[in-house]
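Novice: Next come the chains, spelled out residue by residue.
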Amino acid sequence: MNWFRRVTQGIHTQMSERKEVPDGLWHRCSQCKTTTTTRAHKNNLWVCTNCDYHSRIGSEEYFEILFDKGTARKLFGNLIAKDTLDFTDSISYKKRLQQSQKKTGLDDAMQVAVGKLNGSELVVACMDFSFIGGSMGVVVGEKISRAIDHCLEHHLPLLIISKSGGARMMESAFSLMQMAKTSAKLTLLAEAKLPYISLMTDPTTGGVTASFAMLGDLNVAEPNALIGFAGPRVIKETIRRDLPDGFQTSEFLLEHGFLDKIIHRKQLKDQLGQLFAHFRQ
Amino acid sequence: MVFLDFEQPIEELTERIARVKEIGNTEKVDVSKTIVELEQKLVLAKQRVYKNLSRWQRVQLSRHPERPYTLYYIQQMFDNFVELHGDRQVADDKAIVGGLASLNGKSVMVIGHQKGTDTKSRQYRNFGMANPEGYRKALRLMHLAEKFDKPVICFIDTPGAYPGLEAEERGQAEAIARNLFEMSRLPVPIICVIIGEGASGGALGIGIGDRILMLENTWYSVISPESCSSILWHTWEHKEKAAEALRLTPQDMLQFKLIDEIVQEPFGGAHHDPAQTAATLKNTIEKYLTDLLVLNKKTLVSQRIQKFSTMGEFAQK
Chain A
1 MNWFRRVTQG IHTQMSERKE VPDGLWHRCS QCKTTTTTRA HKNNLWVCTN CDYHSRIGSE
61 EYFEILFDKG TARKLFGNLI AKDTLDFTDS ISYKKRLQQS QKKTGLDDAM QVAVGKLNGS
121 ELVVACMDFS FIGGSMGVVV GEKISRAIDH CLEHHLPLLI ISKSGGARMM ESAFSLMQMA
181 KTSAKLTLLA EAKLPYISLM TDPTTGGVTA SFAMLGDLNV AEPNALIGFA GPRVIKETIR
241 RDLPDGFQTS EFLLEHGFLD KIIHRKQLKD QLGQLFAHFR Q
Chain B
1 MVFLDFEQPI EELTERIARV KEIGNTEKVD VSKTIVELEQ KLVLAKQRVY KNLSRWQRVQ
61 LSRHPERPYT LYYIQQMFDN FVELHGDRQV ADDKAIVGGL ASLNGKSVMV IGHQKGTDTK
121 SRQYRNFGMA NPEGYRKALR LMHLAEKFDK PVICFIDTPG AYPGLEAEER GQAEAIARNL
181 FEMSRLPVPI ICVIIGEGAS GGALGIGIGD RILMLENTWY SVISPESCSS ILWHTWEHKE
241 KAAEALRLTP QDMLQFKLID EIVQEPFGGA HHDPAQTAAT LKNTIEKYLT DLLVLNKKTL
301 VSQRIQKFST MGEFAQK
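Residue numbers (my numbering), protein chains in the order written: chain A, 1 to 281; chain B, 1 to 317.
Watch out, some of these pointers could steer you wrong.
[Claimed, not checked] Sample of chain A residues with no beta-carbon within 10 Å of chain B, all distances over it, derived:
| # | residue |
| --- | --- |
| 1 | F4 |
| 2 | L25 |
| 3 | T88 |
[Claimed, not checked] Here are the simulated DSSO-like pairs of lysine-lysine, each with C-alpha atoms no more than 30 Å apart in a straight line:
| # | chain 1 | residue 1 | chain 2 | residue 2 |
| --- | --- | --- | --- | --- |
| 4 | A | K82 | B | K239 |
| 5 | B | K239 | A | K74 |
| 6 | A | K95 | B | K241 |
| 7 | A | K94 | B | K241 |
| 8 | A | K94 | B | K239 |
| 9 | A | K103 | B | K317 |
| 10 | B | K241 | A | K102 |
| 11 | B | K317 | A | K69 |
| 12 | A | K103 | B | K241 |
| 13 | A | K95 | B | K317 |
| 14 | A | K236 | B | K241 |
Hints in this document: simulated from the structure, not taken from any laboratory.
Each residue gets a CB set at the ideal place from its N, CA and C atoms; glycine is no exception.
For reference, chain A alone in the conformation it holds in the complex (with noise of 0.2 Å):
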């Protein structure tokens, strides 16, 4: 027999007087399934104590790594992108670009600042993966456009940091044309021998690799990110056999002769800001 019984069923709390333990208080490393506090992972740069796991992380982060601390001024926040197709899936691009910029807080997938590293002034154009899988659209040509004409005005060097899943499909061909247009304009930097540094971060795959982040002067990577033309699940079907291990990683790449380097985030300022010094001496 039962000391206690229940007299009602289910749960009565309201909603609103649910107790929980705060968001974002621990981090729990999608890799190893190790927790540790969100403190302590940002303090580790956002890199998993205890496997080395990269954390995709966004253009305000990459920011805050790179640049010393207050030198870093945002340029052409004030682009948004046009449905020029009025596509519609199962939302309509429209709504899908307010909802996009409503969960981020972001106007697109890319955010492009000047400022300083180690005390020398360079462009910085970073994609968030998080506004629509960090696909490129007029927007985000548009500005890596721009980065590029800021570039030759002030005469600085550019480090591009990709993060995408590839070309926007609900622009179609204009996003199709944002390749051949963010090729083009790095001929102009490439004449004017100013130095440009392509940072491919897990994932850069699709029509972002085949432009702009296979054209650096020297094509970096964070350890262990996916870095391809095709996806892995369209090179299964096709070849209908699995992939070996490691495909399609940075390490992959840079056995292929691919990548320059692959850098640590824990190294990424200092090695970033050794390079770029090389060009200049």
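Fit chain B to the known structure of chain A by using the hints.
Specialist: Chain B in isolation, oriented as in the chain A frame:
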């Protein structure tokens, strides 16, 4: 002739005309009146079908098995074609062909995707899907054209760059990116023509030029309608819907100012009269080449970069 699903009324009438003609021959009866009637009906049926093509139907026409491919156009439009092979690094890609040819007595470099015409040759050409070697062969030929000051003409017709394991190992993305970069600044005139399918980076990899033309029944998009459908709706069934949403026809592209001109095809598609298609295309290419050859190299390149730099509309806050 192979008929597509939406061409069924035309197929039926064509067959009836053939049957009536046969009866006329064997039975020695006068069928001329019936034939005239049927042929009038055929003209009307053709108008009904071809004047209101949906976007998906144009995609189907662009893939018609009897449609002419790059090597056909080269044979028709140019003299003294010498095919040149290999990227000097890994292999000779059969999905992209190229070489020197004469256009009205002047040498040019022609490059294009090549598809096969039967099962065996389709496999040999890898269905027009190039590996990195193909793009690198194209680039080698373009640099050769640059060295000897020859214009470049590219024919685009691909369902996409090949998504294979070795293609990734040998840097498919790098090969395409490099072509976009180098073609942007190549100091000779480049004319690109979409003659069939223009799928994504695989098409763009030989698609940067001073003038971009599209044949009437072709498409150009960041993704094929089938792949778009499978990503958005998790099935290939909605390809018609995807084709509409992607706005991928030459008319769409011209309206968006992403191409320079639509080249008319014979009624019903290029395969109805390939020679006529080649003749029209030759005229158009000659016209643009004359315009481009008078420009000095610096102007040519800076206009080309400017052309691609202004593509795409955006809003400002």
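Novice: If a hint holds in the structure, say so; if it doesn't, say that too.
Specialist: To see whether the hints hold, each was checked on the structure:
1. Residue-level check passed: A:F4 sits 49 Å from the nearest beta carbon of chain B, beyond 10 Å.
2. The non-interface label for A:L25 is consistent with chain B: the shortest C-beta to C-beta separation is roughly 35 Å, beyond 10 Å.
3. Listed as a non-interface residue, A:T88 fails to keep its Cβ farther than 10 Å from every Cβ of chain B; the least gap is roughly 7 Å.
4. Under the criterion of a C-alpha separation no larger than 30 Å, the hint pairing A:K82 with B:K239 is consistent with the structure, at around 24 Å.
5. For the hint linking B:K239 to A:K74, the alpha-carbon distance of about 41 Å lies beyond 30 Å, and the restraint is violated.
6. For the given pair, A:K95 sits about 19 Å from B:K241 by alpha-carbon distance, which is consistent with the 30 Å threshold.
7. For the suggested pair A:K94 and B:K241, the alpha carbons sit about 18 Å apart, so the restraint of at most 30 Å is met.
8. For the hint linking A:K94 to B:K239, the alpha-carbon distance of about 22 Å falls within 30 Å, and the restraint holds.
9. Between A:K103 and B:K317, the direct Cα distance comes to roughly 18 Å. Compliance with the 30 Å bound is thereby established for this hinted pair.
10. About 28 Å separates the Cα atoms of B:K241 and A:K102, which keeps this hinted pair within 30 Å; it holds.
11. For the given pair, B:K317 sits about 28 Å from A:K69 by alpha-carbon distance, which is consistent with the 30 Å threshold.
12. Taken as a hint, the A:K103 and B:K241 pair is honoured in the structure, with Cα atoms around 28 Å apart against an allowance of 30 Å.
13. At most 30 Å may separate the alpha-carbon atoms for a hinted pair to count; A:K95 and B:K317 meet this at roughly 17 Å.
14. At most 30 Å may separate the alpha-carbon atoms for a hinted pair to count; A:K236 and B:K241 meet this at roughly 26 Å.
Violated hints, listed in ascending order, are 3, 5; each of the other numbered hints is respected by the structure.
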